[in-house]
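> Single-letter residue listing:
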Amino acid sequence: MAIEEKDLHINMGPQHPSTHGVLRVELNVDGETVVRAKPVIGYLHTGIEKTMESKLYYKAIPCTDRMDYLAPMSNNLGYCLAVEKLMDIEVPDKVKWARVCLAELTRLNSHLVWLGTHALDLGAMSMLLYAFREREMILDIYEACAGQRMMSTYIRIGGLAKELPSDFDKRVRQIIKEIPDRIDDYETLLTNNQIFINRTKNVAVISAEDAINWSLSGPMLRGSGIKHDLRKDNPYSGYENFDFEVPIGRNGDAYDRYLIRLEEMRQSLRIIEQCLDGMPEGPFRAHVPGVVLPPKEDVLHKMESMIFHFKIITEGFPAPKGAVYAGIESPKGELGFYIQGDGSNKPARVRVRPPSFINLAALPALTEGHLFSDVVCAIGSIDIVLGEVDR
Amino acid sequence: MLEMILITAVKVFMVLSAVLTACAYSTYLERKVVAHMQHRVGPLYAGPYGLLQPLADAVKLAFKEDLVPDNVERVTYALAPVASFVPAILIFAVVPFSNGFTWFGYDIPGVISDLNIGVLYIFAMTSLGVYGIVLAGWSSPSKYSMMGAIRSSAQMISYEISYGLSIIGILIIGNTLSLTEIVAQQAAESWVFFGNWYIVKQPLGFLLYITCAIAETNRAPFDLPEAESELVGGYHTEYSSMRFSMFFIAEYAYMLGVAAVGATLFLGGWNGPFLPPVIWFLIKVFLFMFLYIWLRATFPRFRYDQLMQFGWKVLFPLAIANTMGTAVWVVLSGQ
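Which chain is which? The protein sequence lines are X and H, in order. Here our numbering is used: the first sequence runs in plain steps of one and ends on residue 391. Here our numbering is used: the second sequence runs in plain steps of one and ends on residue 335.
Calculated from the structure, these hints are not laboratory results. C-beta: ideal position from N, C-alpha, C; glycine also. Some hints could be false.
Per the computed footprint, the stretches of chain H lying under chain X, defined by three or more beta-carbons under 8 Å from a beta-carbon of chain X, are [unchecked claim]:
(1) 13 to 24
(2) 27 to 40
(3) 304 to 317
Residues from chain H that face chain X, not an exhaustive set, calculated with beta carbons under 10 Å [as the list claims (entries may be wrong)]:
(4) 59
(5) 60
(6) 61
(7) 64
(8) 74
(9) 144
(10) 146
(11) 201
(12) 245
(13) 297
(14) 299
(15) 300
Extracted from the complex, chain X is given alone in its bound form (with noise of 0.2 Å):
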C-alpha cells in the first residue's frame, strides 16, 4: 500500500500567541520546514481610510492614532504634515522641535515594545516586563502632554493641541538620563546571548536587492545594507538641524535589525537631547486664521477669534483642489499619507502607504525554506502592527 505523503497544513493565528495581534498566516509544513507560508489579512479592517474621508480634515486625526496605536504621535505627525502640505501651512520652529522630540519619544516607545514581544517570541519572558516599565515613561509623558496614554491625539494640523507641559523637559531629561543604561542592561541579557544569536542570526534574511523589490522601508531595509531614512534624505519637520546617525547593517538578517533598533534608540535619545537644548520660544501653533484654531486668550477677548474658533470646530476649512503625499519615517518604516483634496472641508480620498502591511507582504520571501520557529522570529522582527496592516 502507498502510503500517500502530504505537507500539514497549519492556521497559525488569527488566535495565536506570536502572530501579534490577529495576523492569519497559513503554513504547509513538511516537518518542521515551513515550505510555504501565506499571511491572510484582513481581520482587524475598520476601513480608517474611508472613515477619514467622511470627516472634516482635524477630525480624521484619532483615526491615525488607531492605525499604528504603538506610534501614535508618528500617524498625527504624518497627517497632519500631509494636510500642512496641502493648505501649504508653515509652522513656527517651536512646533518642530516639539513635534520631533515627541516623534522619536514615539519611535523609542514602539521599539521597546518591539523589543519586548520580539523577545518574548523566542522565548526571553523577561524583556516584556522590562521593556513595559521602560514604555511607562513615555506613556507617562503622553498622558501629562494630551491627557492620553496611547490615543494621544496631539499633533494638530498647524500646531499641538495645547502647550506642552510645564514639566516636559524635565520628565523627558529623565527619560534621557535613565534609558541608556536601561538599553546595555538589555544588551547584556541578549546581544552576546548564544542562544539569541542562534535564533537570530541568519534567520529572516531579505537580501538589499530583494529589500528594494519588495519596497520595504524602516529598519527592515537598513537591516540589509541600504542607507535610507527619510528623516534624512527628505528631511521633514526640522530634521536637517539633528545631528544623528543612521544605522545600517549587513546581513540583512534578524539580528542585524535587533542590532538598528537597539541604536535607532540610542539616536533617538541624542536627537530628543538637542530637541530639548534647542527648544525655540513661541506659539505652540501656527498662525493662521480660519484654519487653525486661535489662542484660547483670543477667543474669549476677540469677536473675529471667536468666529475662527467656531467655524473651524463646526465646519471646519475648505481645502484647495490637488493631491498631496507626505511621508514620514516612522518607527517602522516610511509611513506615508496621500490626500486628495476637492475644494471641500472634508478629504476626497485618504490613502495610507503603511510600513507594516508592505514589510509584511515579505513574509514568505524571508520564511519559505525554513523552520517553523523561524516564522516566529520573521513576522517579530518585521515589527507589525495589524491596526495598520489592516486599516
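Given chain X's structure and the hints, the job is docking chain H onto it.
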C-alpha cells in the same frame, strides 16, 4: 511483617503528601521568583503574601469543565495525563531524604525503598515520562499537540543518552547503584563538609547533569514541546480541567524529582553540618529549583534543530569524554 508494611505505608503517605505539596508550592515559588526578577510582585491576594495561591489554583482547575474535543482517541487521551504523572511521583520511592530516625522503638531508614539498583530505576521512571507526552499529542486531534509531541519525543530520546552518561562517572567511582550507598560515600570526613561530594570529583558530570535534566524535564530554555509562542500549548493544548492540572503537576514533580536526584548524586544528599539531614536535603533541592526558575527568567528558547545539534554534537561527546576520563583516572589511581 505487619509493622514493616505499616511503617512503609505511613512513609509512602508522608512522602507523597510532601511531594504534592512541594509541587504546589514550586508553582508559587516560580511565580514569586520570576515576578521579582521582572519587577513584579507575583501572587499577593490569596492569603498572606499570596501563600494560598496554589490552593486557589487547584480549586479553580478542579471546578473547571472537563472539555474533551471531538475525534480524540478516548482511551489514550484519558491515559496520557496519568502516564505522565505516575512515573514522576514514583521517582521519590528511592530517593533518600534523611539518614533515618527512631520512632516508637523502630529504626526507620530515611528512604521508602533502598533499592540496590536505585539509579537504574530512576532513569527508567524518568524515561517513562515521555510516554505521557507522546500519547497526549497523539490522541489529541490538534496539529499543535502533535508537533509538540514529536518534538518532545525526539528531544527526550536525544537527551536521555547524555543524561544517563553524565552520572556514569559517579557509578564508576562509587561502584554502586544504590542511592543510599552513594549518599553514604559523600559523608564529610573533615571540616570541609563538601569535600567528598561528587560535584568536586565530577564537576563536568554535574554540569552535564543539570543541562540534560532541564532538557529532560522540558523546561526553559529547552521547553520546545510547549513553546507557547510557536505551538500555543504544545502537547497539552487540548487538555483542560484536572487533566491539564495532572500534566502541570507532573511537570513540577519531574523537576523536583530531577532536583532531588541531582542533590543526592552530586551534592551529598542529606549530608551537611549543624542542620538536620532533612533540612539539608530540602535546601539542596531548593537550590536546584531556584536554578530552574532563574534560567527560565533569563534565557531565550532554543530552536528545534539547534537543540538537537547541541544534544548530539556538544553534550553527547562531552559525556562520553567525561566517562572515559573518569574510567582512566580510576584505573590509574588504582581505587
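> Which of the numbered hints are not met once you compare them with the structure shown?
1, 4, 5, 6, 7, 8, 11 and 12
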